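Got chain E sorted already, so can you dock chain C onto it with the hints?
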Amino acid sequence: MEYEVQFVEHGDREARFVARPMTPAFANGIRRAMLADVPTFSIDTVRVIENSSVMFDEQIGLRLGLVPLTTPPGEFEHGDEVTLSLDVSGPDREAAAETRTAYSGDLVANDPMVEPADENVPVIDLKSDQRLQIEADAVLDVGQEHAKHQGGVAVGYRHLQRVEDAGPRGEFDDDETRIVRGVIEEGAPEHAVTDASDGDLVATETFDNNLRNRYPDRELELTDVEEAFVFHVETDGSLSADQLVEEAAGSLRSRGVELAEAVQL
Amino acid sequence: MMVPVRCFTCGNVVGEHWEEFKQRTREADDPEDPEKVLDDLGIDRHCCRRMLVSHKDLVDIVAPYQ
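As you go down the protein sequences, you meet chains E and C in turn. Residue 37 is where the first sequence starts when you use our numbering, and the numbers rise one by one after that. Residue 153 is where the second sequence starts when you use our numbering, and the numbers rise one by one after that.
In isolation and in its complexed conformation, chain E is listed as follows:
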């Protein structure tokens, strides 16, 4: 089965695309695979050597676990471990009022492929004479196991909607907004304020989610396009949006293959 994918927005960590033709069940399968089945590294065990900060070891451990770590797909296997260390001391005694902050970027990994995806996440503020020295094991696991291993953030989809002209608006009609979110398929290009052609995909942000801005003085009819879904994918930085979608599709495929092999008569 071949699917047609058209990108509406395409960034490193964020993407929006229309995929068709697919059933709602398959679209939801991809969404769920992105959330639960794509493995990412996350700190799971922390050995505290010294923690004289104002937070308990467990609190620090929780914060470290939530820091996203880059996970190159295909390089590691489920359950692999990478060790990271962090050693930050507060300022010297002379500058007693000062604070030194330990950031996620201070984490040093023993494998150069795994590093904090965001470097400015404050872990803990340290005053003079305080020190945080830890060793941590990051493990490759899936979102099903713990949300910290989830590569996707706010991943979702909605139907693609087609906008069609339904005649002129009454001169004395109320000036109500006509809000639509996501992506529309152009079906009334002659009435749009910008140049457009039939079948164009338009993100609703371009007209402030209000159809009245794009088609002034026209009545419009919105219909769901059968078997077409607009996906919005955002990642926490451990993978790029492209990698996340590919990995999710790959995991669905391997499940399918596994099932086909298991039920062969």
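It should be emphasised that the hints constitute simulated quantities derived from the structure, not laboratory data. Since the model is a prediction, treat every value here as computed from it, not as a measurement. For each residue, glycine too, the CB sits at the ideal point set by N, CA and C.
If you want the footprint, here are the derived chain E segments under chain C, 3+ residues with CB under 8 Å:
1) 100 to 113
2) 266 to 280
Take a look, some chain C residues computed to stay more than 10 Å from chain E by CB distance:
3) R178
4) E179
5) D181
6) D182
7) P183
8) E184
9) E187
10) K188
11) D191
12) S206
13) K208
Which chain C residues face chain E? A few, computed with CB under 7 Å, are given here:
14) M154
15) V157
16) R158
17) C162
18) G163
19) N164
20) V165
21) G167
22) E168
23) V211
24) V214
25) A215
Same frame as chain E, but now just chain C:
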């Protein structure tokens, strides 16, 4: 105490932007409107926005009692 690493609701990493947000809205000589700063930082959802808007650093307050 410290700013949450992630948004409680959606899991987006918000801690990353805290220092810039704090600097631009509270510590700068010419503080900016938090709404504009959040838009600028790309924190679009209201679940993530409330994480930064409603946060207060407390380390300095509890530090003397350690």
